[in-house]
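Read in order, the letters of the sequence shown are residues 1 to 270 in UniProt numbering.
It should be emphasised that the hints constitute simulated quantities derived from the structure, not laboratory data.
This one's a predicted model, so the numbers in the text were calculated from it and none came from an experiment.
Among the hints, erroneous ones may be present.
As the list claims (entries may be wrong) - For lysine-lysine, the following DSSO-like pairs were computed, each having C-alpha atoms within a straight-line distance of at most 27 Å: (1) LYS249 / LYS223; (2) LYS249 / LYS128; (3) LYS146 / LYS199; (4) LYS123 / LYS146; (5) LYS146 / LYS223.
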Amino acid sequence: MSPLLAYSLIGAGGAVTTRWCHLSRLIGGCMIVVGGVALAALAFADEHVLARDNSEVACTMSKSGLTRVSLKDDRFASVSKLTTGVDSEDFTVVNEPNRGDIYVSVPEGYSRATVSFFGTTAKGYVYKFACRLAGDDAQQVFVENKDVEAEKQTQVASAAATPQEASANLVQAMYENANIDGFEIRPASMSAVMIGTLKVQMISEYRGAQIAGRVLRIQNTGKAPVSLGEGTIAPSNAIAVSVPHPDLKPGEATTVYIVTPSGLANGVRP
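My request is simple: use the sequences and hints to build the entire structure.
What follows is the structure in structure tokens.
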């Protein structure tokens, strides 16, 4: 029975039970019970499991039928399992390429009560499956990872923000030395360089899909005051430049925040 038919039975049964006729009420009650039992059977047939990266997925797979395992908003890239070389002791895992699901089947005479294997997903998550065997009918297991949903929401939020908003948010995060969704923070990977009398040292780098940011410490090592302009410290393709203290006396230093298109942060001058 389909879920739609089960819900229809419950709804129609509820309407019939409101009638004055006792027979109608009895029929309506029976319809509600049948619909509820059908939904319970459907819920039992389809198992929903929450998982995280490197976690164990405990589920139930069909002992005599076929079991489909599906990942929400992801797909299987590969499956790793041990092979004994004995046909009756080796279960089969088939990867369906269109949807990215896998189908697990157990041979007749399989003596173990469980199946165990590792699954690697297209998004880089790894799950250990340890599932007991029961029943003869086909089974479905749906695996959901909350981290995948959070990643999806982050991508949607990043796409919805205008370039100006995204740059402003990134500059604010760099100023506060804070994490920001959708960006990887990397420590400085290069030594300080001299530009004239200015000593420039990269402190950290924020890498995102569309834009990247760099936090620089600039010190005036000369004997004369220096005014920092965007053309002096930022590349021509810079999206945003923030210089809290542009006028440096001899020996003074300031922190500068630069936002560029992603992928170009390493290829421009400090």
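Against the structure, the hints come out as follows:
no.: 1; hint: LYS249 / LYS223; in the structure: holds, 8 Å
no.: 2; hint: LYS249 / LYS128; in the structure: violated, 60 Å
no.: 3; hint: LYS146 / LYS199; in the structure: violated, 45 Å
no.: 4; hint: LYS123 / LYS146; in the structure: holds, 13 Å
no.: 5; hint: LYS146 / LYS223; in the structure: violated, 57 Å
The structure fails to meet hints 2, 3, 5 from the earlier list, while all remaining hints are met.
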